[in-house]
Structure formats: structure tokens, C-alpha cells
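Engineer: Chains as they are written, first to last, in the numbering used here: chain A, 1 to 547; chain B, 1001 to 1499.
Keep in mind the hints are simulated off the structure, nothing from the lab. The structure displayed is predicted, hence computed values, not measured ones. Every clue listed holds true.
Among the chain A residues that face chain B by a calculated CB cut under 10 Å, a handful are:
#1 D200
#2 Q317
#3 R450
Ideal Cβ placement from N, Cα and C applies to all residues, glycine included.
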Amino acid sequence: MEKRFKVATPFIIGVLLGTVPMWSGGAFAESSGFVGINVEEIRLANGFRVLVVEDHRVPRVAASLWYRLGAIRELSGEHGSTHFLEHVVHQGTTTVGTRNFEAEKPILREIHETEQKLVEVWNRERNRLRERNVFYDGLDWPTTPEMDSLRQRLYELEDQDSQYREFWAEYNWYRRYGAIAHADPVPATTWKEYLEIDIDLPKEAIELLFRLEADRMVNAVLRGWEAQRFTVLEQILNRHVRPETGRFSEAIDGVTGLAHPAYNSAAGHFRDFAYYNRASMLGVYDDYFVPNNATLALVGDIAPGEARTLAERYFGQLARGAESPALMDVEAEPVPGGAVRLDWLEPMDPRVILRYRVPGVGHPERPVFDTIAALTRGRHGLFAASLAGKAGAPANVDFQAVPTRLGSANVIDFIAKARRDEDLPGLEETLLAVVDDLQKKRIDSKALERARKALRLEWDRTRSERRRLAKALGQFQVMDSWETLQTFMEARLSASVEDIQRAARRYFVPSNRVIVIARERPLSHERPGSRATTSMASMASMEGNEP
Amino acid sequence: MKMEREKIYRALVPMAALTLATALSLAGCGGGSNGEEEILPGRSRPLLEHDWPHPRDFEFAPSTFTPPDAAGALVNTTTGLRAYIIPDASDPLVRITAAAPLGRLYEQSGEAGASRLLTELLTRHGPADPNRPLSLRLESLGTALQMEEDLDVTRISVEVLAEDWQEGLAVLIDVLRRPDFENSVLRHYRTGPGYSTPTSSASGSGFQPKVELERILAGYPLAPADPGLSVTGQALRALAGRTLGPNRVVLGVGGNVPRAEVEAALNKLSEGWDSTEEPLRVAELTGEARVENKLHTIDVPSLEGWIATGRPVGPVPESERAAVAVMAHILGTRLNIAVREIRGLANRAVFVLPDTASGAGLWHVKTGGRTEAVAPLVKFCWEEIEKMHQPSDPITEDEIEQAKGALVSGSWQAALDGARQASATYAVETVRRGALDALLQWPEAVRAVTVQQVKEVAQKYLSAEEMVTVVVGPIDKIREARHPRWPVDLSALESTPTS
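The shape of chain A in the complex, shown without the other chains (with noise of 0.2 Å):
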């Protein structure tokens, strides 16, 4: 109550003077306990919001703009359009990758009306369109010799853009001034949520920042569209080589939500990448790249006076726009008749998953489920320390459990990784009576203090990393809001015996339960394509591991 009061005074006084200072405790002075970081948020009149961190050590400032869209919003047939989106409102704008923007506009207007014929063919031939397959084959995208020809031109007509096309210019400019960002030239991340922009700069060129994301939000020009759609198509096709993010945690996802986009892929399905279309991603663009729908969060040797000084001078030009539409931010419904079990039936190293679905962020019971993951996995956590010392266990069992972090639909996954399908059912048992001690408070408190110790680690190593703490704001901002942040980490650090029991008895039924098996030698009579076995075994021997 103290806390809270200490908190709220400041606040109160912050609402009155246009600002709202922090949680006070000096920038990381204090080594031992749970301390807070001073955050200065700045509200301009169009609704773009500035949260600022002072940390004076290196002159430098990392930089996180957040956009509230995500995989969520995203309609069946559209499915990876966010991540696209994020590609192409990288390719300059009105004033930034271009040697000259009055030549291309007139190819601009051609490009958009040779698309809004190729849809008008599209649309006209959706009967002889519809795919009736069933084995997907490839890029084997339905099409027309008209469309075709539609298509042909609008390479013709990007390849005559392209002579005007400066490549690559905001992310050159951004690391000719000497910013560290991603190693790929959208240093950008979407997922469900968020739409993420991450720059780190010395602090000296920070002005570059707002000049190139201010004018990106309004004036982006999505050229070189038609190379950006196979470039994001590898980028898929590279995630569905490796199971753990291609098809078999779809399909987990898949049976985890009914038809809810919360478990649809963000990075989207080979068939729609022949849907998008950049008419309907204007759309998308003008709806949500709106200064009312964005959060940058800047951590590092900056004062709030000279960010609002910036934000004003350039994100502060834009209109604010309507509000972004909330669409699907619904809760997911369960899968009816309660528990699932998933056996996967392609070669994989053997596991066993349990999965629970769990509050989003926001929600006052989702801290205690990251204290849950702490506890049970590694090789001391509650899973291991079940095991141990018992007649026949397995050895070398990786157990892992990860909670997602999001505002909406969240799952928790208990992760038993075996060396050998025959140790899965007893692995499952293990899983499932760790859970029942979880329900009934036999909790060591030993492994809870190593939990909290790993907790608070991960947290001084966001608070004191400035790349981490802008992205940590920033992500909070869009589930909840960043003042959720400190008091989501305290939560979390100073759950009870009892908390964890209360949700462990609430959450973990079998009726919000998905049991997911994955083997070596999958249990189908048929083996399926030899080559996927073949590799699987060949590793096997290869890898230099125990026989």
C-alpha cells in the first residue's frame, strides 16, 4: 500500500505538470533487491506517445517505435500481410530512397491500376480460381494468362521504378551514422501485437531517427513490392525447415484455439502471398501507422527536453488518425470437450509437450506463470528434481517451459526433450505430477529461491541493457500499458507458494489442457518421406552423442 502510494503521489503531481515522472530509485545504483528505473513519458497532441530513460554510461540511444498491429488482426486469406507490410514501408519514402519522385509517380499510378485490374481478374474468375487440391504444390499460385500478363507488367513497370530507386537508403543512412540494428535491412520485428522498429544510435545522430520514422509513418512509398513478396516468402520457407517453428507449432496452435487469430501464424501461409495485394496494405498502412497508434521508447544518453523537442519537430507534423481498429482483440474461445492430445506423425526428436492456456498481460494472475516456468525447468527445476534418484529415469532430459508474453490469448508450454521415444510416457507422467505438486503446494523451497534468482537476473539484464529496456516498454505498451512493467516484474518475483498453487489449480485442468507427443520413429505404420528419416537418423549417429 506504501508502494502504491508512493507511486501514485508522484503521478498525480506528473498528470498535473503534463508530465509523468517515474518510479524513483536512481538509475540502477542499488545491487541488491528489486529496484525500480525512472521512465518520462511525453504525449504530444496527435496522441504519439515518447518514453523516455535516461542512462548517461555510453553516449549512445536505443531506440524502439512500437505500432499496435499484428498477426492478430489478421483475416483468413491475409495471413503473414503485417510481417509483409513491415517489409515494404521499407523501401524509402516521398523524400528518402529516391532520386527522383516526380518521374515515379506516374509509374506508381500505373502499378496500382494494373493491380486493381489483375483483383478485377481475380475476382472475375473465382470460380475457375478456387484451388480444389489437396496436396499443396510449391508456389503453384492459381492464375490466368490475363492475370499472367497483369503480372508481367507490374515487373516491367517495378524494374522502370527501380532506376529512380535509391536500395537499401534508410537503412544505409542509418548505419552510415553509425547505428547498430538488425542485421537484416528492415531492422524491424512483427508479430501478433506489434509492428517493431529497433535502432540503436550514437546519441549525437539521434535526429536521423525521428527525421526517417516520422516521415516513414506518412510518406512510405511500398516500391519493389513484387521482389519483397519472394523475399518474405524465403524467410517463411527458412522457419518451416525447422519444425519447432514451421508446421508443428502450427499445428499446436491450431489445436489450442478455436479458429482464433492469437494461434495463426504471423509469418503467414505460402498461399496468401499470392493474395496480398498492396491496395488492401495501403489500407492497413493509412489505419494503423497513425502517431495515436505508436510508442517510441528511447533508453540511453538523451534528456526528455531534447526528445520533445524532436518528437515536436517531426512525428508531432502528423495527423492524428482515427483509432486503429480493435478487431480481434477478443478472448479465444476453447477448444470444446476440453483436453486435447496431439500425436505428430513426421520424425522429430522425441518430446513431450503440455500446454496451458494462460491470462494475457494486463491480467493480474499472468506474473505467477512466469514464476511457474522459472521453477520447473533446467536440469535442478521441479521436473529435473522429480526424476532424480529414480530407478530407470531417463537421462539427459531437457525440460524447458515457456509462458508467452502477450496482451491477449497466452499458453504456457511444459517441455520434456528425450533422447529416446521410449522414455515419452513416463516423461508425460512426469509432467503431469509435477503439475499435481504445483496444485497441491509441494513446492521445494530451494528450487522457488533459484527461480526468483533467475527472475531477477532476467530483469536487471533488461532494466540495465538499453536496447532490451526500450523493447520491454515498448512491448508492455502494446499488451497493456508500460506502466504494467515494473509492477508485472515485482509481481512476478514475489509470488507465493500460495499464488502459484492458486493458478496451478485454476489453469492447469485438463479441460484447458493440450497434450502434444512428437517421436523419432513416429507411431504410423507407414514411415513417412525416407528422407526426413533418413537426415533424423543420420544425425543420430553423426552428432558424437552417447549410444
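Assemble the complex: chain A is given as a structure, and chain B must be docked to it using the hints.
Structural biologist: Just chain B now, with coordinates in the frame of chain A:
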């Protein structure tokens, strides 16, 4: 009457304005130059006309970044163990890094694969102590070991809360001092393929085409040891004896630590740790290559098409290093624009220079894509490399300045960003190159690079004719596939002669 006319006029004016606005918006691109709001086709929001400076017109003050004082940070213990201690009272954490001269280039005859196994034993199994296994000590600190192995240096690091720095230091030194050679892992260990399976992206060192390229061009030790080899305990002990002594390892300790106490702790923890006098011999990478075919294919049907194109290069004179780095940055940019931005053939093309003390190693491009994209990827990568090799290639001042900014204000500052990072970088650099001069003088060296110097190193080292390519993937499908816009036949590329 007058009022009625007024009314009509007032009604007509807004209608005219509305008509005009409608006409302008329907035109799609009109109006901007007349002061009207301009809306691009497909958009609903108008563009923002502004007078903001173009990025090229910015004149920012020079960066005030200064790396932590290395000379002042260095301590030498009585046992010969050296450490860079960089305190930062505002940091809630401490990072402790151990850099050791451990890697394939330090393996001697009969020791192939030993450095990899040794690193695994150190970091996964730790000292033999059933009462206090390494894993429990680390989990009690809420942390884990991080390990990175290069050809000529291995770094092991741990991050702990500031209050736990003593135990963190003790754990790391214990790991180095008391490797468990009796572990049963040793008996069953066999060297692996040298790459990650499956290869899912072009990032990381475990990239199959690159490893296969190393094997084809030069073999071990440029390439990993052949798969399936065992490593004897004797080999392991010999390597450890040479590389893990206190006079060989260098530590970095950065964060919220009291320097004097750390120094005292180091002296105490290293008591009785014997130095080694056995000479450290580093295998020489000469840059010679066995080149028979320019393009090699390896059939792995479950993958996409992954590509590595490169050549081994011998030691690079110090005087050329900065120009080489600038050249590599420019080439990397050009490759990506050619294959990704213009043609959408790949997600990324990465040009990699080796990170070794001498600069020797494999220079290579890593990329990959769909079956129909593989052959054009190979072709366009070769073209960009060859283009840069030509004396007539116009390397621009813009390209040079971009590279310099990225190398100095970007990656160099990143390597020395804060106490934790700087202490680790100093430790690694000291083990690798014996001193920090080159590191600390890097910005000056890079800023002095000229267009002419970049051209010279490009002509000296970059020649598509001398590059060999390895393609890993579903080779039959790759051969059959033709890209609809850039149809290139892989077989035609295979018949291209080597130099």
C-alpha cells in the same frame, strides 16, 4: 433578391470546392504542387509535405564515444593470470568472460576434434563434483554459461547479479582449472559433421555448404575434423595443458564489482594453478586451395537450396585489414541489393570474413533460396564479386562513407559498449592478437581508407574465377527448376572453368 443570390453563391462555393477536391482525389496524384493535399494511389491519407533536412544534409557532431581504459583495467596476478577489470557501479550485473587460445588452429597431430570436445566438457559437464555439479551452481546463480568457439579463440562467459560476482568468478575459474577428463562422454564421443542439422538459415557458423566448401578447398584445420573420429584422453589432456593455463587464459570482468576485491579474489582463486611453458603452436592457414571444379553439389532433398561461395585466403597484412573490412561491407550491401532487393531471390546474402589473428581463413558468401532461385543466386553472386574485382568498378564515396560509419560508429562501438561488453572484448582480443593496439586504433585505420585502397584489395583478393561454390539441397529439383524471370541453368554454371 440580394439575399437569395448570396445564398446561392455561398452554396455554390462549397460545392465547387467539393467538386474540385473530388476531382483531385480521383486523379490520384494531383494537387501537391499546387499546395493541395496530395494522396498517392491506393492511399486514404494525404502525404505530408515537409521541409525536413534530407539525411545527407545532416551534420552531426563527432561521436564522443570513448572505450573504457584498457591499460588501466588490466591486472596481472601472481600466477600469471591476466584480467581486464572494468567496474561500473551503476550496473546491476557482472559479466565474467574467460578467453582461451582454444580452437582448431591450436590442435596438433592426433588432436583433431579435441578443442570442440574440450569446450563441451568444460561447459556442459564442468568439474567432477557430484555434490556441487556445475549445473546446480549455475542455476543457484540464476544463470547459464555462454560459449563461443572460433578457429583461434574460445570464449566462455557467465553473467550474474552483482552480489554474486565472487561465486561467478569461482565457477568460471573452476571450470577452467578442473576439467573432468574421466567423464564417460569422452569414451563415446565422436566428432560430428561440423554443421547444424538441418540447416535452416544462412546464419551461424554451422552452415553446411560453408563447412563442405572448407573440406573441398583445404580440409582440416580450415574445415572441422572429419566426422566420426574419436578423441583420446591423452590428446585432450595435452591440448588442455597447453591452452588452459593461467598464463594462457585472459579474463574480462565487467560490471558492478570492486576492482581491488576482484584482483584479490583472482589471486586467491588462481593459487596453485600451474602455468604451462609448452609452446603454443598455431596452424598456419596459407590460402592454398585444391580447386578442381568451380561448383560442387551435395544432394540433401529435405533442404532448400543453400549456397556458399568462397575461397581460402592466407594471412592478410595489417596494413590492408581496414580496407578489406570496408570492401567486405560494400560487397555485402551490393550482394543483397542484387539478389534480394531487386530480384527477390533470397532473404539474405552474407559476405563473411574470417575472424582470426592473421586474417587468414575462408572468405565466403552465404545465401540460399528456393530451387528455382539457386542457379540465379550463384550467377548473380559471381557477377557482383567479379564486378568489384574489376579495376573499372566505380566504388563510390557514398559506399565508402557508409561502410566507415557502420564499421566504426556501429560495430566497433558495439564491441566496446559498456563495462561488460568491453571487458569481454579486451580479453578475447588479447588472447587472439596478444595486444589491443589494433583494436583501439581501428577507427583511425578505417577512417583513413581510400577508394583506391579498397579497389586494390578487391583486385588482389576478390576474383569470381578463384571462388568455388557449394550447393546443398535437392539437386535434381534444382537442376530442373527455372526461375520465371531469371532462368539460369545450374549445369551451365557447373561447366564454368576455374582459374
